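S.K.: The primary structure of each chain is shown beneath.
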Amino acid sequence: MNEVLEQKLSTEYKYGFVTDFEADNAPKGLNEDIIRFISAKKDEPEWMLDYRLEAYRHWLTMEEPDWAHVSYQKPDFQDIIYYSAPKPKKVLNSLDEVDPELLKTFQKLGISILEQERLTGVENRIALDIIVDSVSVSTTYKATLAEKGIIFCSFGEAIQDHPELVQKYMSSVIPYTDNFYAALNSAVFTDGTFCYIPKGVRCPMELSTYFRIEAAGTGQFERTLIIADEDSYVSYLEGCTAPMRDENQLHAAVVELVAHKNAQIKYSTVQNWYPGDKDGKGGIFNFVTKRGICLEENSKISWTQVETGSAITWKYPSVILKGDNSIGEFYSVALTNNYQQADTGTKMIHIGKNTKSTIISKGISAGYSNNSYRGLVRIGKGAENARNFSQCDSLLMSDQCGAHTFPYIEIKNNTAIVEHEATTSKIGEDQLFYCKQRGIDNEKAIGLIVNGYCKDVLSQLPMEFAVEAQKLLEVSLEGSVG
Amino acid sequence: METANKTGTIKDKLIFEFETSKLFLFGDTQLRDQSMESFYKQGIPDRKHEEYKYTPIASMLKGEFNFSTTKNCSDEQIEELKFLKGAYVVIIENGILVEGLSNLEHLPKGLTICSLVDASKSSSPVFEKHYSQYADVNADPFIALNTAMTKDGVFIHIEKNVIIEKPIHIIHIATAFENTIIHPRNLIVIDENAQVKIVESYQTVDSKAKIFNNALTEIVVDKHAIVDHYKIQDENDDFGYLLNTTQVIQKKQSVFSTHTFTLSGALVRNNLTIVLDDEHIESHLNGLYITNGKQIVDNHTVVDHRKPNCNSNELYKGIIDGKSTATFNGKIFVRKDAQKTNAFQSNKNILLSEDGTINTKPQLEIYADDVKCSHGTSTGKLDQEKIFYLQARGIGITNAKKLLMHAFASEVVNTVKIEALREYIEAKIAKTFE
Numbered sequence: 001m002n003e004v005l006e007q008k009l010s011t012e013y014k015y016g017f018v019t020d021f022e023a024d025n026a027p028k029g030l031n032e033d034i035i036r037f038i039s040a041k042k043d044e045p046e047w048m049l050d051y052r053l054e055a056y057r058h059w060l061t062m063e064e065p066d067w068a069h070v071s072y073q074k075p076d077f078q079d080i081i082y083y084s085a086p087k088p089k090k091v092l093n094s095l096d097e098v099d100p101e102l103l104k105t106f107q108k109l110g111i112s113i114l115e116q117e118r119l120t121g122v123e124n125r126i127a128l129d130i131i132v133d134s135v136s137v138s139t140t141y142k143a144t145l146a147e148k149g150i151i152f153c154s155f156g157e158a159i160q161d162h163p164e165l166v167q168k169y170m171s172s173v174i175p176y177t178d179n180f181y182a183a184l185n186s187a188v189f190t191d192g193t194f195c196y197i198p199k200g201v202r203c204p205m206e207l208s209t210y211f212r213i214e215a216a217g218t219g220q221f222e223r224t225l226i227i228a229d230e231d232s233y234v235s236y237l238e239g240c241t242a243p244m245r246d247e248n249q250l251h252a253a254v255v256e257l258v259a260h261k262n263a264q265i266k267y268s269t270v271q272n273w274y275p276g277d278k279d280g281k282g283g284i285f286n287f288v289t290k291r292g293i294c295l296e297e298n299s300k301i302s303w304t305q306v307e308t309g310s311a312i313t314w315k316y317p318s319v320i321l322k323g324d325n326s327i328g329e330f331y332s333v334a335l336t337n338n339y340q341q342a343d344t345g346t347k348m349i350h351i352g353k354n355t356k357s358t359i360i361s362k363g364i365s366a367g368y369s370n371n372s373y374r375g376l377v378r379i380g381k382g383a384e385n386a387r388n389f390s391q392c393d394s395l396l397m398s399d400q401c402g403a404h405t406f407p408y409i410e411i412k413n414n415t416a417i418v419e420h421e422a423t424t425s426k427i428g429e430d431q432l433f434y435c436k437q438r439g440i441d442n443e444k445a446i447g448l449i450v451n452g453y454c455k456d457v458l459s460q461l462p463m464e465f466a467v468e469a470q471k472l473l474e475v476s477l478e479g480s481v482g
Numbered sequence: 483m484e485t486a487n488k489t490g491t492i493k494d495k496l497i498f499e500f501e502t503s504k505l506f507l508f509g510d511t512q513l514r515d516q517s518m519e520s521f522y523k524q525g526i527p528d529r530k531h532e533e534y535k536y537t538p539i540a541s542m543l544k545g546e547f548n549f550s551t552t553k554n555c556s557d558e559q560i561e562e563l564k565f566l567k568g569a570y571v572v573i574i575e576n577g578i579l580v581e582g583l584s585n586l587e588h589l590p591k592g593l594t595i596c597s598l599v600d601a602s603k604s605s606s607p608v609f610e611k612h613y614s615q616y617a618d619v620n621a622d623p624f625i626a627l628n629t630a631m632t633k634d635g636v637f638i639h640i641e642k643n644v645i646i647e648k649p650i651h652i653i654h655i656a657t658a659f660e661n662t663i664i665h666p667r668n669l670i671v672i673d674e675n676a677q678v679k680i681v682e683s684y685q686t687v688d689s690k691a692k693i694f695n696n697a698l699t700e701i702v703v704d705k706h707a708i709v710d711h712y713k714i715q716d717e718n719d720d721f722g723y724l725l726n727t728t729q730v731i732q733k734k735q736s737v738f739s740t741h742t743f744t745l746s747g748a749l750v751r752n753n754l755t756i757v758l759d760d761e762h763i764e765s766h767l768n769g770l771y772i773t774n775g776k777q778i779v780d781n782h783t784v785v786d787h788r789k790p791n792c793n794s795n796e797l798y799k800g801i802i803d804g805k806s807t808a809t810f811n812g813k814i815f816v817r818k819d820a821q822k823t824n825a826f827q828s829n830k831n832i833l834l835s836e837d838g839t840i841n842t843k844p845q846l847e848i849y850a851d852d853v854k855c856s857h858g859t860s861t862g863k864l865d866q867e868k869i870f871y872l873q874a875r876g877i878g879i880t881n882a883k884k885l886l887m888h889a890f891a892s893e894v895v896n897t898v899k900i901e902a903l904r905e906y907i908e909a910k911i912a913k914t915f916e
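Protein sequence lines correspond, in order, to chains X and P.
One point on numbering: in this note's numbering, the residue at position 148 of the first sequence is 148, and numbering is uninterrupted.
When you read off a place in the second sequence, starting at 1, and then add 482, the result is the number in this note's numbering.
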């Protein structure tokens with residue numbers, strides 16, 4: 001077991017390279033002028049600037065939260081570059097127009113767009129929106145999607161082309177008053193992804209965004225807004241990487257999902273920001289606010305996440321189950337190593353009748369890391385026959401790491417049935433022994449057990465991502481089924 | 483510290499009361515001053531305080547409060563509360579030990595029971611060694627307040643190798659005509675290889691006003707000792723406010739079992755902390771809360787595994803009716819050295835009414851890898867299928883429900899090892915189900 005661990009421990013961050021394209025930076029620091037600069041850069045309408053400024057003024061009154069089970073040097077918000085767009089910045093229609101440097105970057109990332117096109121064939125394509133340093137650089141398959149009436153574009157474009165949708169939905173799930181980082185994001189976000197699925201449309205392909213922080217000393221603040229109108233379905237994937245740097249970089253994103261009647265949204269994340277080096281130096285601070293609302297009856301929102309990166313993760317994808325019979329799901333694997341710290345979980349707010357939620361959280365901690373699950377299940381007074389099942393398991397891989405669970409359960413309706421289970425243990429010696437007895441070597445046995453341990457979550461991921469996620473988990477899962 | 487005056491917030495009033503009365507209090511004034519300083523810094527926790535999120539103590543402490551401890555109830559009323567026949571009885575009325583009414587004659591050799599004031603005056607080395615060593619005044623404002631302002635309580639000491647057969651029954655009586663705050667404090671020291679059963683009961687008698695009882699008990703369980711500890715909280719639903727802190731420290735190979743029964747009271751908050759400070763220790767925590775009306779019951783438990791090879795087991799169950807609110811927060815800490823720890827925790831609730839609320843937060847913080855820890859919690863109403871099963875066998879719906887509630891509670895009630903006590907609790911429970 002130690003060998004495998006060693007292997008994982010000593011694995012260098014594969015995605016840590018710096019691509020040298022000229023970035024169009026704003027000066028360091030944050031004030032109203034910087035916000036006006038960002039807004040002007042993006043050629044935004046008046047209402048957008050007003051919203052940013054309102055959020056900024058509110059942010060000034062807020063204090064950075066410190067209730068999470070993580071400790072770190074608080075970022076200096078005046079020492080961050082809030083706008084960094086890679087040049088050349090122009091609207092791109094096809095991949096040929098993409099900066100060759102950028103294409104190389106993607107090849108290094110192992111997510112070559114061309115390769116994906118080739119491998120996945122026509123029926124199973126993935127539409128990809130690539131965001132480097134908060135600015136969307138390429139959105140593929142836009143035309144194919146447009147035929148169906150699906151809007152899939154960068155947030156900046158959406159503000160220009162679909163202001164009515166943006167105005168209606170933006171901030172409806174996460175108001176800027178929600179928390180410190182949401183307020184900061186609302187003030188300074190530079191781009192992001194916007195997606196609208198019209199009534200009755202089943203999105204024919206996986207939509208995907210790839211985030212990368214490139215320029216040094218920048219913060220990435222992107223916003224994602226997905227709206228699934230009545231009877232629609234969409235599956236959305238999100239991936240992230242960042243180059244290796246000594247200083248900590250800040251990532252504070254906001255993701256809002258809105259599901260109308262009978263609509264379904266499936267949101268998957270594979271988060272692999274640079275986690276810092278062996279001694280805990282550098283790495284990304286990942287402070288993300290994600291929330292979905294099941295606005296009307298029979299809607300469903302499902303979050304799946306595989307969290308392996310970031311120095312600090314502070315992330316609670318939540319679902320507000322407002323519509324009757326709506327369903328919320330949360331599947332998570334969080335792996336921490338070295339000095340990484342993760343405080344992640346979910347909130348399931350049951351408001352409507354017959355609402356159901358499932359929470360499966362699997363934590364793996366190794367090295368000197370700390371991994372916490374923090375979740376809330378709230379059954380409101382009117383949530384008749386609400387049902388929740390939560391399971392959060394932790395696997396400890398070293399004697400220096402920590403695994404913690406902080407579940408909050410608040411119930412105000414007696415027809416509700418709520419169950420919560422949690423276990424913490426190391427890999428069972430008897431399980432290992434069983435495998436070894438059958439001629440499976442130690443390394444493979446651990447791979448098998450860890451894979452089995454995470455299977456409930458990995459099986460929720462779309463095929464292409466499941467493969468990547470397994471690679472990321474890396475604790476030698478070769479030869480086993482995902 | 484700012485100059486406090488008698489008008490103003492409850493915090494000011496408490497400080498004023500402390501300043502005027504501290505010369506008359508027993509023991510170390512330095513400790514009291516430091517504790518008050520700490521209380522002043524911490525303040526009365528409001529709902530933003532993570533540990534008091536679900537306990538509205540600040541709003542409960544609004545209005546005028548008195549600190550006097552006059553005797554209000556009759557001796558006959560007190561006699562009635564001695565439900566454990568043959569026990570050594572300690573009566574603590576409004577925080578003061580009443581020797582005349584306690585049954586403390588003919589104590590066996592090796593057992594000391596006296597008031598805290600006497601223990602402090604006689605400079606008993608055991609008392610001096612252990613008093614206020616475990617409940618950290620900086621950890622909780624009410625520990626600080628109790629340490630600063632306590633007037634009396636009971637000191638119990640069981641010497642090495644002594645086995646006390648009969649239970650010791652500490653009866654806390656709260657009685658008030660005006661809103662009153664009291665701070666009784668107990669210290670129980672069980673030496674090496676000794677065995678004892680201790681029952682603490684909390685009752686309100688003949689009250690016409692709010693009485694806020696900020697009680698604190700420190701228990702020291704030395705090597706190889708076996709201790710059985712019970713708390714029966716049966717205060718008045720309108721006037722009885724109880725904040726009950728229990729701080730336990732266990733030494734090598736000791737066994738400590740505690741059982742908390744919350745049967746009534748307007749607001750009951752239990753802060754139970756057990757520190758497993760050596761190897762091969764066993765701890766059992768059981769709890770049952772049956773709430774109704776507008777009651778608020780909040781159980782906060784901490785099991786702190788500091789050394790390897792220890793076991794802890796926790797089971798808390800609740801039946802919630804009316805507009806009551808029940809909260810359970812169970813923390814298990816497994817420190818870095820505490821390998822081979824087994825720690826289990828379970829919290830189960832039945833919500834009978836439409837207006838009841840349950841908040842539960844089972845919390846694990848684990849820093850060692852070779853451990854087995856789990857927690858589970860479930861909440862629901864009475865199982866309809868079970869009711870149907872009983873109805874199909876000719877049992878009326880009311881009786882069927884009662885039967886199921888009894889069955890639910892019995893898992894905890896059956897852990898009571900003193901028969902007379904078990905019967906008493908069963909009778910009390912049967913009454914609440916009527």
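Simulated from the structure, these hints should not be mistaken for laboratory data.
Warning: the hint list may mix true and false statements.
Claimed, not checked - Computed footprint of chain P on chain X; a stretch qualifies when at least three of its residues, placed anywhere within it, have a C-beta under 8 Å from a C-beta of chain P:
{"hint": "1", "region": "272-286"}
{"hint": "2", "region": "420-430"}
{"hint": "3", "region": "449-457"}
What the hints assert, rightly or not - Derived, one-sided and incomplete: chain X residues facing chain P with beta-carbon distance under 10 Å:
{"hint": "4", "residue": "67"}
{"hint": "5", "residue": "70"}
{"hint": "6", "residue": "71"}
{"hint": "7", "residue": "73"}
{"hint": "8", "residue": "144"}
{"hint": "9", "residue": "370"}
{"hint": "10", "residue": "381"}
{"hint": "11", "residue": "417"}
{"hint": "12", "residue": "433"}
{"hint": "13", "residue": "437"}
Please read all numbers here as calculations on a predicted model, not as lab measurements.
Using N, Cα and C, we set each Cβ at its ideal position, and we do this for glycine too.
S.K.: If you take the shortest Cβ to Cβ gap from residue 381 of chain X to chain P, is it below 10 Å?
M.R.: Nearest chain P Cβ about 8 Å off; hint holds.
S.K.: Grab the minimum C-beta distance from residue 370 of chain X to chain P and call the hint holds if it beats 10 Å, violated otherwise.
M.R.: 8 Å, holds
S.K.: Using a Cβ cutoff of 8 Å, are there at least 3 residues of the region 449-457 of chain X near chain P, or does the coverage claim fail?
M.R.: violated (count 0)
S.K.: Taking the closest Cβ pair, is residue 71 of chain X under 10 Å from chain P?
M.R.: 14 Å, violated
S.K.: Does the interface hint hold: is residue 67 of chain X within less than 10 Å of chain P, judged Cβ to Cβ?
M.R.: 7 Å, holds
S.K.: Please count how many residues of the region 272-286 of chain X have a CB within 8 Å of a CB from chain P and say whether that reaches 3.
M.R.: violated (count 0)
S.K.: Minimum Cβ distance from residue 417 of chain X to chain P below 10 Å?
M.R.: 4 Å, holds
S.K.: A closest beta-carbon separation below 10 Å is what the hint needs, so does residue 70 of chain X meet it against chain P?
M.R.: 13 Å, violated
S.K.: Hint check: is the beta carbon of residue 144 of chain X less than 10 Å from a beta carbon of chain P?
M.R.: Constraint on residue 144 of chain X not satisfied, violated at 48 Å.
S.K.: Closer than 8 Å Cβ to Cβ for three or more residues is the test here. Does the region 420-430 of chain X pass it with chain P?
M.R.: holds (count 7)
S.K.: Could you check if residue 433 of chain X really has its C-beta closer than 10 Å to a C-beta on chain P?
M.R.: 15 Å, violated
S.K.: Should the interface hint for residue 73 of chain X be scored as holding, given a Cβ-Cβ cut-off of 10 Å against chain P?
M.R.: Interface hint status for residue 73 of chain X: violated (22 Å vs cutoff 10 Å).
Hints 1, 3, 5, 6, 7, 8, 12 and 13 from the earlier list are contradicted by this structure; the remaining hints agree with it.
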